[in-house]
Amino acid sequence: MKPSRITAMHVHIGGIVVILLVALILFFGMIRPKTQDTDLQNQAAASAVSGGGTKADNKKTAADLVKEKKNTKQIQADWLVYQKKYMPDWKWENNLLAAYYLTNKVNDIPAQFGHWITDWYDAQKRDGITRAPGVVFPIPPLATDPNGIAALTSVTFPTAKSPWKVSLICQTFDDAMAHLRRFNSMVGHGMPVVDGVTLSGHSPELMLNYNLALYIIPIQPPPPADTRIGVSTGGNAGGMGGMGGMSPMGGSGGGMPGGAKGGK
Amino acid sequence: MLRIELLPDYIGDKNKIRNLGLLWVAGVVVVAGLLLAMNSSAGKANEDAKADRAAKEALKATTDKNKKDIADEQHNRAVIESKQKFVLNARTYNDGWAEAFETIRDVKPADNSIVLDSMALDTAKHQTVSLTGFGSDEKAVVRWWMSLRNNTALFDHVNFDLVPHAWTPVADQASNMGGPGGFGSGGSGGFGSGGAPGNKMQNMLTAMGGGMSGGSGGGMSGGGRATAGNGPTDLEGHHGINFTAAVVLKTALAGGIPTPSWSGGGAAPAPTGMGGMGGMGGGMGSGGASGAKTGA
Chain A
1 MKPSRITAMH VHIGGIVVIL LVALILFFGM IRPKTQDTDL QNQAAASAVS GGGTKADNKK
61 TAADLVKEKK NTKQIQADWL VYQKKYMPDW KWENNLLAAY YLTNKVNDIP AQFGHWITDW
121 YDAQKRDGIT RAPGVVFPIP PLATDPNGIA ALTSVTFPTA KSPWKVSLIC QTFDDAMAHL
181 RRFNSMVGHG MPVVDGVTLS GHSPELMLNY NLALYIIPIQ PPPPADTRIG VSTGGNAGGM
241 GGMGGMSPMG GSGGGMPGGA KGGK
Chain B
1 MLRIELLPDY IGDKNKIRNL GLLWVAGVVV VAGLLLAMNS SAGKANEDAK ADRAAKEALK
61 ATTDKNKKDI ADEQHNRAVI ESKQKFVLNA RTYNDGWAEA FETIRDVKPA DNSIVLDSMA
121 LDTAKHQTVS LTGFGSDEKA VVRWWMSLRN NTALFDHVNF DLVPHAWTPV ADQASNMGGP
181 GGFGSGGSGG FGSGGAPGNK MQNMLTAMGG GMSGGSGGGM SGGGRATAGN GPTDLEGHHG
241 INFTAAVVLK TALAGGIPTP SWSGGGAAPA PTGMGGMGGM GGGMGSGGAS GAKTGA
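Heads up: the protein sequence lines correspond to chains A and B, in order.
Per our numbering, the first sequence starts with residue 1, numbered consecutively.
Per our numbering, the second sequence starts with residue 1, numbered consecutively.
Bear in mind the hints are in silico, worked out from the structure with no lab data behind them.
A portion of the hints provided could be inaccurate.
Stated by the list, open to error - Simulated coverage check for chain A against chain B, where a stretch passes if three residues somewhere in it have a Cβ under 8 Å from a Cβ of chain B: (1) 75–85; (2) 194–203.
Claimed, not checked - Cut-off 20 Å, straight-line C-alpha distance, at most; resulting in silico cross-link-like pairs (SDA-like, lysine to any residue): (3) Lys-165/A x Asn-184/A; (4) Lys-85/B x Thr-54/A; (5) Lys-68/B x Lys-91/A; (6) Lys-91/A x Pro-141/A; (7) Lys-44/B x Ala-44/A; (8) Lys-165/A x Gly-196/A; (9) Lys-250/B x Glu-102/B; (10) Lys-69/A x Lys-68/B; (11) Lys-105/A x Ala-123/A; (12) Lys-60/A x Asp-64/B; (13) Lys-70/A x Ala-78/B; (14) Lys-16/B x Val-11/A; (15) Lys-125/A x Asn-58/A; (16) Lys-65/B x Asn-94/A; (17) Lys-67/B x Asp-64/A; (18) Lys-16/B x Ala-26/B; (19) Lys-67/A x Lys-139/B; (20) Lys-70/A x Asn-76/B; (21) Lys-139/B x Pro-109/B; (22) Lys-125/B x Val-158/B.
Glycine included, C-beta positions come from ideal geometry on N, C-alpha and C.
Generate coordinates for the entire structure from the input sequences, incorporating the hints supplied.
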């Protein structure tokens, strides 16, 4: 019999190779993919946690949601109160011609508001508040034609850009302060905003000056424009109004009426 | 007895190699077993991680839904909220004016050594109150200045504009060449009529019946850097000084909210070719009540 050529060295090398092969196959074929996937799962879990995936975040957001719903109810309730108190109840007629000239009389609203605000001031004479000579409350047309009603989603009196400049003679400092505090009690004529208040002079002729605007957010949205009226033919633009006079009595300005209405 | 190995060497080597091979097989089995155990452990950890991820993503989904519901809630009420906030801010703003003026009134000395003549807030931040007034003497004004300066609860900064003192030799004034002018103190104006005597004007603006047109100093402009109208003057027979001051409130008007405005457009939308507006009301009547103060 021929003696074996396999030596101990061969067995050692073979054993090492087999162990290495088994180890590599098991590690890279089975263990490593699992650990890598575990790392990915852990990263995704950490990302979920940082994005709010905890019971504490759940609880907090749930509480916030309840709070927001409560806030919504409170805001709606507050707005209903404010709306009822401050905003005029203009119920628009869908027939714009009727709304403008007959039922809502949009054309007459500036005069109504002008008289009302004048009376509101004059009623405070007994509270030591008197309009300075020349202080009046002019208001331009609310809508220049019936279709203009469609744009009245909100209204600012006298205009959005130029408030009334009010100058009052007050008997005392306290009368002036009480007058300033009276604005929030106005009812049904828009939300007044007083700005630029200055006080000068001395009792009993303390001068109180400020700017006043009334902001109206109608309860109902206005009806859409009527395409069967107001045909535009590209007419001439209206002229500018005349400047107000500088009458010491502060009467109506006497400006010239504007140019012919175009496009009607 | 001496043992003699009669078998050839390769017979013994074969056995050794077989045993060595068995040893290595056992080693392979042990290593494989260890690795399989590791694999099992890794598999379990992997399953746990998957379960943990699923649980946390479920929690995140709930949180996300809550956040979305909150955003929807805020979005749905945004229009009403903006209206409600406008009215709320307007109410706060309107009341803020009286509060700001009363803050100054309430810190004025009760002894009427200070008589205020005008008050106004700056239009930008609504935090600085500009004052003009009359003090019975410079010390009274400075005492009030110190009092306001020490009132850190209500005021951030306080500054009074008083005429600095100087001395001009008489000889120079008499010179034909015209030396430096006298220090321009505000000339006292004439007194107006009326004025309820003794009326303390609700702690604030003492009744004076107007008058006192604090002119801008009769003298030549000298070394003083006083504001026009500041300086020595008389008030109802009492000698004193006019001053101007600026007081920065700790809290701006209505907490510093901007002037409320509802940006819904003006009263008169302007379609093409609209007619021009009539003239606005006449200018304010000048004059008015007799003796109304015009200066300061």
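Hints versus structure:
Against chain B, the segment 75–85 of chain A contributes 6 residues with a C-beta closer than 8 Å to a partner C-beta. That satisfies the three-residue criterion, and the hint holds. A count of 10 residues in the segment 194–203 of chain A with a Cβ less than 8 Å from any Cβ of chain B is obtained; the coverage claim is therefore met, three being the minimum. For the given pair, Lys-165/A sits about 18 Å from Asn-184/A by alpha-carbon distance, which is consistent with the 20 Å threshold. Distance restraint check for Lys-85/B and Thr-54/A: the Cα-Cα separation of roughly 34 Å exceeds the 20 Å cut-off, and the hinted pair is therefore not satisfied.
Between Lys-68/B and Lys-91/A the CA atoms are separated by roughly 36 Å; this puts the pair beyond 20 Å, and the hint is violated. Only pairs whose Cα atoms come within 20 Å are accepted, and Lys-91/A paired with Pro-141/A is accepted, the gap being roughly 19 Å. Between Lys-44/B and Ala-44/A the alpha-carbon distance is near 18 Å, which keeps this suggested pair within the 20 Å criterion. Under the criterion of a C-alpha separation no larger than 20 Å, the hint pairing Lys-165/A with Gly-196/A is consistent with the structure, at around 10 Å.
Annotation: proposed proximity of Lys-250/B to Glu-102/B holds, straight-line Cα distance about 14 Å (limit 20 Å). Straight-line distance between C-alpha atoms of Lys-69/A and Lys-68/B comes to about 13 Å, which keeps the hinted pair within the 20 Å bound. With a C-alpha separation of about 26 Å, the suggested pair Lys-105/A and Ala-123/A falls outside the 20 Å cut-off, and the hint is violated. A threshold of 20 Å between alpha carbons decides the hint, and for Lys-60/A with Asp-64/B the separation of about 12 Å falls inside it, so the pair holds.
For the hint linking Lys-70/A to Ala-78/B, the alpha-carbon distance of about 14 Å falls within 20 Å, and the restraint holds. A distance of roughly 10 Å separates the Cα atoms of Lys-16/B and Val-11/A; the hinted pair therefore holds under the 20 Å criterion. With a C-alpha separation of about 61 Å, the suggested pair Lys-125/A and Asn-58/A falls outside the 20 Å cut-off, and the hint is violated. Taking the CA atoms of Lys-65/B and Asn-94/A, the gap is about 42 Å. The hint is violated against a cut of 20 Å.
Restraint check for Lys-67/B and Asp-64/A: the C-alpha separation of about 9 Å stays at or below 20 Å, so the hint holds. Proximity of Lys-16/B to Ala-26/B is assessed by CA-CA distance (about 15 Å); at most 20 Å being required, the pair is judged to hold. Distance hint between Lys-67/A and Lys-139/B is unfulfilled; the C-alpha atoms sit about 57 Å from each other, more than 20 Å. Our distance criterion of 20 Å between C-alpha atoms is met by Lys-70/A and Asn-76/B, whose separation comes to about 14 Å.
The straight-line distance between the Cα atoms of Lys-139/B and Pro-109/B is roughly 13 Å, inside the 20 Å bound, and the hint therefore holds. Between Lys-125/B and Val-158/B the alpha-carbon distance is near 16 Å, which keeps this suggested pair within the 20 Å criterion.
Comparing the model with each numbered hint stated earlier shows that hints 4, 5, 11, 15, 16, 19 do not hold.
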